[in-house]
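There are 2 protein chains.
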Amino acid sequence: MKLNNNGILAAKGFQAAGTHTGIKKQKKDMAIIYSEAPCTYAGAFTQNVVKAAPVIWDQKVLSAENTVHAVVINSGNANAVTGATGHNDTQTMAEVTASSLNIQKEEVLVCSTGVIGVPLPMDIVTQGICKVAEQLEDTKKAATEAAEAILTTDTFAKEIALEEQIEGYTIHVGAMGKGSGMIHPNMATMLAFIATDVNITKPMLQKALSKCVNLSFNMITVDGDTSTNDSVIVLANGQAGNPIIDQEGEAFEQFQSMLFEALKYIAISIVKDGEGATKLLEVEIQNAKSFEAGKLLAKSILTSSLVKTAFFGEDANWGRILAAMGYAGVPFDQEKVTLILESCVGSITLFKEGMPIKFSEHKAKRILEENEIKIFVEMGEGVEKVTAWGCDLSYDYVKINGEYRS
Amino acid sequence: MKLNNNGILAAKGFQAAGTHTGIKKQKKDMAIIYSEAPCTYAGAFTQNVVKAAPVIWDQKVLSAENTVHAVVINSGNANAVTGATGHNDTQTMAEVTASSLNIQKEEVLVCSTGVIGVPLPMDIVTQGICKVAEQLEDTKKAATEAAEAILTTDTFAKEIALEEQIEGYTIHVGAMGKGSGMIHPNMATMLAFIATDVNITKPMLQKALSKCVNLSFNMITVDGDTSTNDSVIVLANGQAGNPIIDQEGEAFEQFQSMLFEALKYIAISIVKDGEGATKLLEVEIQNAKSFEAGKLLAKSILTSSLVKTAFFGEDANWGRILAAMGYAGVPFDQEKVTLILESCVGSITLFKEGMPIKFSEHKAKRILEENEIKIFVEMGEGVEKVTAWGCDLSYDYVKINGEYRS
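In order, the protein sequence lines correspond to chains A and B. In terms of our numbering, the first sequence opens at residue 1 and continues consecutively. In terms of our numbering, the second sequence opens at residue 1 and continues consecutively.
Quick caveat, the hints were computed from the structure, so don't treat them as lab data. Errors might be hidden in some of the hints.
Copies of the same chain are indistinguishable here, so a pair counts whether it falls within one copy or spans any two.
Claimed, not checked - Listed next, the in silico DSS-like pairs over lysine-lysine satisfying Cα-Cα at most 30 Å (straight line):
| hint | residue 1 | residue 2 |
| --- | --- | --- |
| 1 | K352 | K60 |
| 2 | K272 | K399 |
| 3 | K272 | K24 |
| 4 | K363 | K272 |
| 5 | K105 | K363 |
| 6 | K211 | K385 |
| 7 | K27 | K365 |
| 8 | K141 | K105 |
| 9 | K352 | K24 |
| 10 | K365 | K399 |
| 11 | K25 | K141 |
| 12 | K60 | K336 |
| 13 | K374 | K140 |
| 14 | K399 | K374 |
Could you put together the complete structure from these sequences and hints?
Here you go:
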């Protein structure tokens, strides 16, 4: 069940705040999520060789096996490729947050997002943390302000709240995320935060997260660029009071489904808000030889600049889809391939078992005028179904990224 | 020595023609290259799983070990993903060319470039071949008309002619090529043709071609899309009369150097003419661990939409370069990395051994305003130097590809 009214604060026992501190000129730029009860923590992070300082901190905390109480997040500056200064600044952010909340610095996770290679303005950051910490609340307004404070080139806040009964206990999952450019997650994405009151062990939480990330964030792309700061963080404070989930079984499956729904919602929201995007593209590879083969094919289609510009132009130039599949690094038999485009107004078969199908350009244009387009690719080679999401490539992508630092 | 005045017809014994036949609305769309003397032939072709019908024909001819006399090329239609019809049409093109020139169809190579997935208009094509065959000449005008007839979204013809003394004999290498979009060659590129009068065996010709393609066409990218039709074809008719080159040695090295110069010139011309490109970007990876590592790093930088749009915006947003290196799939130590941008007006160090360097935005902007930019990346890990070429990503790329079929 989807609840739209309290975002990251859907679960019991969490507080949040988000405000403008001065890292950005005018927009909100800092948020804190806090749970008085200690949280089990699971995370998934960028596989980029160049990892931002806060990613390295959060990975250290993850391996230290302690519980956590808070996450502090700034936008407007990624604190990436900033050398030793960057690592000191992340540690200072954790220390100042800890002292504001009367906890230990090792109980604080840190995330940063924004421009790469510029040291953080630490006077502004430390004063900002104290200011945000004073504003912590468990209201809908606070949840939304936190979701707004983590945005960069995003045009809308991305929040979801879910509630389900698991073994007779009411479990909540709240989530918020950000991301619009430099989106091509590898084992993780831009920033996403999930707060839940489920009672679960750390290994089972990490297991659920890893599986859900693979099928959500790892299946989206905006521009093929894997960020230095991608992080997905789940905090579980156990306040729902359910018997602890410490093994696979029905309760674990139910929680994992909730988590997947939340992550998929945030992931698709990020693609919809892709820099300059005018259309959401969903690729479904049907009857692929393997999950990995299907994923490579789907992502090759969705990262092709030629495919992306064709959809921007509302042009059923399906040859570019076949060409992109052809260089995906996966052998296949084009005589078995069928290609169908679909939107809410109808569907059209462009290519069937190796042969182009004559189609009405008028009907194709009508289908492609919609904002959400599905691309079905039948491979006829196996039984795997793989779904991935991307967006088109527009003039505005060039505008946004040609002028980003200016 | 570079000769600019006879392009593909620099070498003795070759004739060419190019004209408008009606595949395209107005522009030239068909060319033939012909040598009365039989030619040794070497080729390099797309690695795309989806190969166009003419690519499969040319590969068959290559493996048949016979000599060839002619190449027929049409633009405006790629004859790719056209099923059994496409294969028949390619064979018909070879047959009609052969009967026009009084040779065997197995002595004719066929190339097509243009839109994917549309059957060739064979009435127009067969009449066109007869028309072009009648116009064969060995003039500069014929060479240029052939070079023009193979273009698609290109904005200029790409030709080069070279002359060198090898063992006292005058050897010529003439070349022409096309390509502007769907450029991310893998073992080959869009179309390039080289006609030489050197006397060389087939294995040595193929050896020289493979090495030169790896260092030229395989080091360029426009949009990360590997085409279905990429082909590089070299014809050597032996008319220079030099002692046959049948092994490695000084003569082979000299010829290989000529071939490399011709291929590199055509490859860089393709990048300069990249769809919507306003700037040529040259990445030089210095002291890489291996050639393969350097190549992955260079191509990751040059295919990043974020890097490309930053250069379009003349913005020294070097963090995007580091991020693109980070996801190239090559481990490296960022503490050893130094990054320098250079153009004809000067150079600027942005990042030195792991630390951002304060730089003048004014000076950086002045450097980036130029049309040709070099990006030097010092890795400090080995001894390999790897050079690759790409271009920026502009509004016009989106315009050209959003409207291509319309």
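Results of checking the hints against the structure:
When the C-alpha separation of K352 and K60 is checked against a cutoff of 30 Å, the pair qualifies only between copies, where the shortest distance is 27 Å, while the shortest distance within a copy is 51 Å. For the identical chains of this complex, K272 and K399 are neighbours both inside a copy (18 Å) and across copies (21 Å), given an alpha-carbon limit of 30 Å. Taking the shortest Cα distances, K272 and K24 sit within 30 Å of each other inside one copy (24 Å), while across copies they are farther apart (38 Å). In the homo-oligomer, the alpha carbons of K363 and K272 lie at most 30 Å apart inside one protomer (24 Å), although the nearest pairing across protomers, at 38 Å, exceeds that limit.
With identical chains, the CA atoms of K105 and K363 are never at most 30 Å apart, being 60 Å at best within one copy and 42 Å at best between copies. In the homo-oligomer, the alpha carbons of K211 and K385 lie at most 30 Å apart inside one protomer (16 Å), although the nearest pairing across protomers, at 41 Å, exceeds that limit. Taking the closest pair of Cα atoms, K27 and K365 come within 30 Å of each other only across two copies (27 Å); inside a single copy the shortest separation is 39 Å, beyond that limit. Within a single copy, K141 and K105 get their C-alpha atoms as close as 27 Å, which meets the 30 Å cut-off; across copies the closest is 76 Å, which misses it.
When the C-alpha separation of K352 and K24 is checked against a cutoff of 30 Å, the pair qualifies only between copies, where the shortest distance is 27 Å, while the shortest distance within a copy is 52 Å. Taking the shortest Cα distances, K365 and K399 sit within 30 Å of each other both inside one copy (26 Å) and across copies (17 Å). Proximity of K25 and K141 under a CA criterion of 30 Å is satisfied intra-copy only: 22 Å inside one chain copy versus 60 Å between copies. Proximity of K60 to K336 under the C-alpha cut-off of 30 Å is restricted to the inter-copy arrangement: shortest distance 23 Å between copies versus 48 Å within a copy.
Taking the shortest Cα distances, K374 and K140 never come within 30 Å of each other, neither inside one copy (34 Å) nor across copies (51 Å). In the homo-oligomer, the alpha carbons of K399 and K374 lie at most 30 Å apart both inside one protomer (27 Å) and across protomers (23 Å), since each shortest distance falls under that limit.
The earlier numbered hints that this structure contradicts are 5, 13.
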